[in-house]
Amino acid sequence: MSEKIDQNRREFVSVAGKAAAASVVAPGVLLHSIAHAEPRAEPVTDAVRYGLLIDTTKCADGCSDCVSACDKENGLDLLGKPDGATDEDWARQKPRWIRTVKVKDRLSGHVSSLPLMCQHCEHPPCVDVCPTGASFRRADGIVMVDRHTCIGCRYCMMACPYKARSFIHENIKVKLSAVPRGKGCVESCTLCVHRRDYGVAGTACADACEHGAILFGDLNDPNSDITKALQERNHTQLRADLKLNTGVRYRGI
Amino acid sequence: MKKIYYREWGIESPRYWGLLAVLTVILAVAGFAVLHMEHEGHWVTGMNNEVVWGVPHVFAIFLIVAASGALNVAALGSVFGKHIYKSLGRLSGLLAMTLLLSGLLILVLDLGQPSRLIVAMTTYNFKSIFAWNIYLYVGFLVIVAAYLFTMMERKAQRFYKGVGLLAFVWRLILTTGTGSIFGFIVARPGYDAAMLAPMFIIMSFAYGLAIYLLVLMFTFDAEGRALGDKLLGRLKSLLGIFVSAIFYFVLVYHLTNLYGTENHEYEAFILLNGGIYTTLFWVGWVLLGMLVPMAILFHPALGNSRGGIIAASLLVILGGLAAMYVIVIGGQAFPMPIFPDKIILESGFQDGIGGAALYYSPSLPEFLLGIGGVALALGVTLVAVRMLKFLPASLADEVVDPHHG
Amino acid sequence: MVRTVTRLLLLAALLFSAVTFAESQRNNAVIEGSKAADLDACVAPTDFMRRAHFELIEHQRHITVHQGIRKTDNSLAGCVNCHVAKDVHGTFLPVDGANPVTGEQQFCAGCHEYSGVQLDCFSCHTNVPLKAGK
Chain A
1 MSEKIDQNRR EFVSVAGKAA AASVVAPGVL LHSIAHAEPR AEPVTDAVRY
51 GLLIDTTKCA DGCSDCVSAC DKENGLDLLG KPDGATDEDW ARQKPRWIRT
101 VKVKDRLSGH VSSLPLMCQH CEHPPCVDVC PTGASFRRAD GIVMVDRHTC
151 IGCRYCMMAC PYKARSFIHE NIKVKLSAVP RGKGCVESCT LCVHRRDYGV
201 AGTACADACE HGAILFGDLN DPNSDITKAL QERNHTQLRA DLKLNTGVRY
251 RGI
Chain B
1 MKKIYYREWG IESPRYWGLL AVLTVILAVA GFAVLHMEHE GHWVTGMNNE
51 VVWGVPHVFA IFLIVAASGA LNVAALGSVF GKHIYKSLGR LSGLLAMTLL
101 LSGLLILVLD LGQPSRLIVA MTTYNFKSIF AWNIYLYVGF LVIVAAYLFT
151 MMERKAQRFY KGVGLLAFVW RLILTTGTGS IFGFIVARPG YDAAMLAPMF
201 IIMSFAYGLA IYLLVLMFTF DAEGRALGDK LLGRLKSLLG IFVSAIFYFV
251 LVYHLTNLYG TENHEYEAFI LLNGGIYTTL FWVGWVLLGM LVPMAILFHP
301 ALGNSRGGII AASLLVILGG LAAMYVIVIG GQAFPMPIFP DKIILESGFQ
351 DGIGGAALYY SPSLPEFLLG IGGVALALGV TLVAVRMLKF LPASLADEVV
401 DPHHG
Chain C
1 MVRTVTRLLL LAALLFSAVT FAESQRNNAV IEGSKAADLD ACVAPTDFMR
51 RAHFELIEHQ RHITVHQGIR KTDNSLAGCV NCHVAKDVHG TFLPVDGANP
101 VTGEQQFCAG CHEYSGVQLD CFSCHTNVPL KAGK
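Here the protein sequences line up with chains A, B and C, keeping their order.
So the first sequence is numbered by the numbering used here: it starts at 1 and just counts up by one.
So the second sequence is numbered by the numbering used here: it starts at 1 and just counts up by one.
So the third sequence is numbered by the numbering used here: it starts at 1 and just counts up by one.
The set of hints was computed from the structure by calculation and includes no laboratory data.
Treat the hints with care, as some may be off.
As the list claims (entries may be wrong) - In silico DSS-like cross-links for lysine-lysine, where the CA-CA straight-line distance does not exceed 30 Å:
id, chain 1, residue 1, chain 2, residue 2
1, A, Lys58, B, Lys342
2, C, Lys71, C, Lys86
3, B, Lys127, A, Lys243
4, B, Lys127, B, Lys3
5, A, Lys81, C, Lys35
6, C, Lys131, C, Lys86
7, A, Lys243, B, Lys342
8, A, Lys243, C, Lys131
9, B, Lys86, B, Lys230
10, B, Lys389, B, Lys161
11, B, Lys127, B, Lys82
12, B, Lys155, B, Lys389
13, C, Lys131, A, Lys81
14, A, Lys72, A, Lys102
15, B, Lys155, B, Lys86
16, B, Lys342, A, Lys102
17, A, Lys72, C, Lys71
18, B, Lys86, B, Lys3
19, A, Lys243, A, Lys228
20, B, Lys3, B, Lys82
21, A, Lys58, C, Lys86
22, B, Lys389, B, Lys82
23, A, Lys173, C, Lys86
24, A, Lys58, C, Lys71
25, B, Lys82, A, Lys228
26, C, Lys131, A, Lys173
27, C, Lys35, A, Lys58
28, B, Lys230, B, Lys389
29, A, Lys173, A, Lys58
30, A, Lys243, A, Lys81
31, C, Lys35, C, Lys71
32, A, Lys228, A, Lys104
33, A, Lys72, A, Lys173
34, A, Lys58, A, Lys243
35, C, Lys131, C, Lys35
36, B, Lys342, B, Lys230
37, B, Lys342, A, Lys104
38, A, Lys72, C, Lys35
All values reported here derive from a predicted model rather than from experimental measurement.
Same shape as in the complex, but just chain A (with noise of 0.2 Å):
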């Protein structure tokens, strides 16, 4: 079968393939910043993995700008309270794919402010249990919810270490071409996985920071200012203790 369509598209390419491409390219992307941006044609591979370093020194108390960003980027702010619905129900239901956290050291007092988001496993307890295999981690390292297969049953929200994900609990009207979104399954933080696809640096919420407290980047490029930076100085993953290696990273907490 894919053999005829190949064929077909190939006499129709030749007669009518470039309007038809140069429409298709666009929807969902960022044009502002596609300088040197090419659809991606080739499987993503694990030639790169990514990740994120958090400066929790850099990070202030009270900014929320990458919340912000994020919401912005990945179309979270279009969402709205459903009819009925009171605003502490909303504050639980609603989808938040990063957050900030105020967290105070036991032993010191020491006090530091941190966003949290998915920390991209390498081995992710969201993906073992997953039934349908809708919960999977791309090749680059990117774990995500293949919408088409989640049924909506929630273990990987029960599993996720880091409460991470959430659920869509109502019915959504406006969504992004870039980030479909639809009531009854689950999804996170994606590395702003439509970013990576089109060539287009940064995410949104290291692009937010102003205190340059989020580095974005290639954990397996020696060269990458993420790399450098996680020799350079100590770090640490949360929940260490289940070694899952995770693709975020911390300073100073």
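Starting from the known structure of chain A, arrange chains B and C on it as the hints suggest.
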């Protein structure tokens, strides 16, 4: 032992149809609740992004656990060769199937995408215990159906022992799988324990038997069939032993946790300051679900009275639901130890500020869905015993025990 | 006799309506004012697309989600982008809905409602082009 005859359940029609009408009304109400949740989404329930499994799961897991336990009565007859129980096998297999189906139906109807059930049945991740459970549940239904066939069809009787053994082994694996849904969750302090699987097995023994006893006593009493004290006495003693065994498992589970400092906060949450979860643990599960039933069942007078056995069975079931609530919801309400050495001061996601419990307040539709599941199990059971020969014509002492008198 | 005539008349009426409906479908399948209306064919010949567009989309959905391949003619966003039309105010009309003024069913809705095939895509995907921050 005399030959056992089986007969359809013959209570008067008005009473039978009246019972079915009541159950149908309950089912209809539950159906509307499901449609409401389906149409609006889960925001109309108390479940949220912190406590993701709620009351439907409490009912569903209770029913699934009880289903495998209900099969034990049959296993006593075929696997352990106790002839006195052999005549009870048909009802045992029937209850096992109806309870399991109802539990599964609740789980499916609570999915975010119930219409994608076909995806769950065709796409598997074999590292997931959930995926394995789908096979275990479907296999259980098939095997128990075959088991029933060997009991009810003379020509298939030569397979009775073999299929019975398979069914018994399968049910042990099935409950292990159900317990492991929680046991395999490494991230949460309340779960992540191999002990949950055997504990679920022993719980299934008790909850399945309690339901069995109630259905047996009700159906026999309603029609005026003889149900001798001899058999009832054996069953109630078994129930007492099973409940004692749960007590032992709960004791060891919490003692082990109390020994390790890392679990002290979780233990304090369940045993001391967890609010509703602490109350349900002590009053619901321990006192009403175990201590009182044990006292009744082992009491020389109360334990041999029908009222006492009914009360004890009801309490064991209520205690079982309380136990599931403590395990399923309490285990989630306890804040996740993302920062073990820190106290959370603020969070954009209620991470349990200062160790506070995560919020869950069950909603009416969730209860209706759960109760609907129970009504379905009962309804299908009653229709089945009415139409087919599941119930022995008599379980009088002289019928079940050759040495009687 | 009368019955036969009535039957023949009915048959003729049915045939006529079927023909005119097919004709109207041919003309209306692509919505006036959408980018697709200016093109000779879709990413494959029209007959093929009518029969097999969902296979293209389903194949693409897997390789996009799991392998990140976005350079393609077969993305759902591409369908929407090309087949979406605007109302008189220049606002996009959802491809799975109808024009509220004229009642004209939009590209996806027209066929799917006629053929009674449930359209699941837009329970999660947007039915109009929408970029972040707009």
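Tested hints:
no. : hint                : result
1   : A/Lys58 - B/Lys342  : 19 Å, holds
2   : C/Lys71 - C/Lys86   : 26 Å, holds
3   : B/Lys127 - A/Lys243 : 18 Å, holds
4   : B/Lys127 - B/Lys3   : 49 Å, violated
5   : A/Lys81 - C/Lys35   : 35 Å, violated
6   : C/Lys131 - C/Lys86  : 16 Å, holds
7   : A/Lys243 - B/Lys342 : 19 Å, holds
8   : A/Lys243 - C/Lys131 : 38 Å, violated
9   : B/Lys86 - B/Lys230  : 14 Å, holds
10  : B/Lys389 - B/Lys161 : 20 Å, holds
11  : B/Lys127 - B/Lys82  : 39 Å, violated
12  : B/Lys155 - B/Lys389 : 16 Å, holds
13  : C/Lys131 - A/Lys81  : 22 Å, holds
14  : A/Lys72 - A/Lys102  : 23 Å, holds
15  : B/Lys155 - B/Lys86  : 17 Å, holds
16  : B/Lys342 - A/Lys102 : 10 Å, holds
17  : A/Lys72 - C/Lys71   : 24 Å, holds
18  : B/Lys86 - B/Lys3    : 11 Å, holds
19  : A/Lys243 - A/Lys228 : 22 Å, holds
20  : B/Lys3 - B/Lys82    : 15 Å, holds
21  : A/Lys58 - C/Lys86   : 47 Å, violated
22  : B/Lys389 - B/Lys82  : 21 Å, holds
23  : A/Lys173 - C/Lys86  : 18 Å, holds
24  : A/Lys58 - C/Lys71   : 38 Å, violated
25  : B/Lys82 - A/Lys228  : 72 Å, violated
26  : C/Lys131 - A/Lys173 : 15 Å, holds
27  : C/Lys35 - A/Lys58   : 48 Å, violated
28  : B/Lys230 - B/Lys389 : 23 Å, holds
29  : A/Lys173 - A/Lys58  : 37 Å, violated
30  : A/Lys243 - A/Lys81  : 38 Å, violated
31  : C/Lys35 - C/Lys71   : 19 Å, holds
32  : A/Lys228 - A/Lys104 : 29 Å, holds
33  : A/Lys72 - A/Lys173  : 16 Å, holds
34  : A/Lys58 - A/Lys243  : 26 Å, holds
35  : C/Lys131 - C/Lys35  : 18 Å, holds
36  : B/Lys342 - B/Lys230 : 60 Å, violated
37  : B/Lys342 - A/Lys104 : 5 Å, holds
38  : A/Lys72 - C/Lys35   : 28 Å, holds
Taken one by one, the earlier hints fail for this structure at numbers 4, 5, 8, 11, 21, 24, 25, 27, 29, 30 and 36, listed in ascending order.
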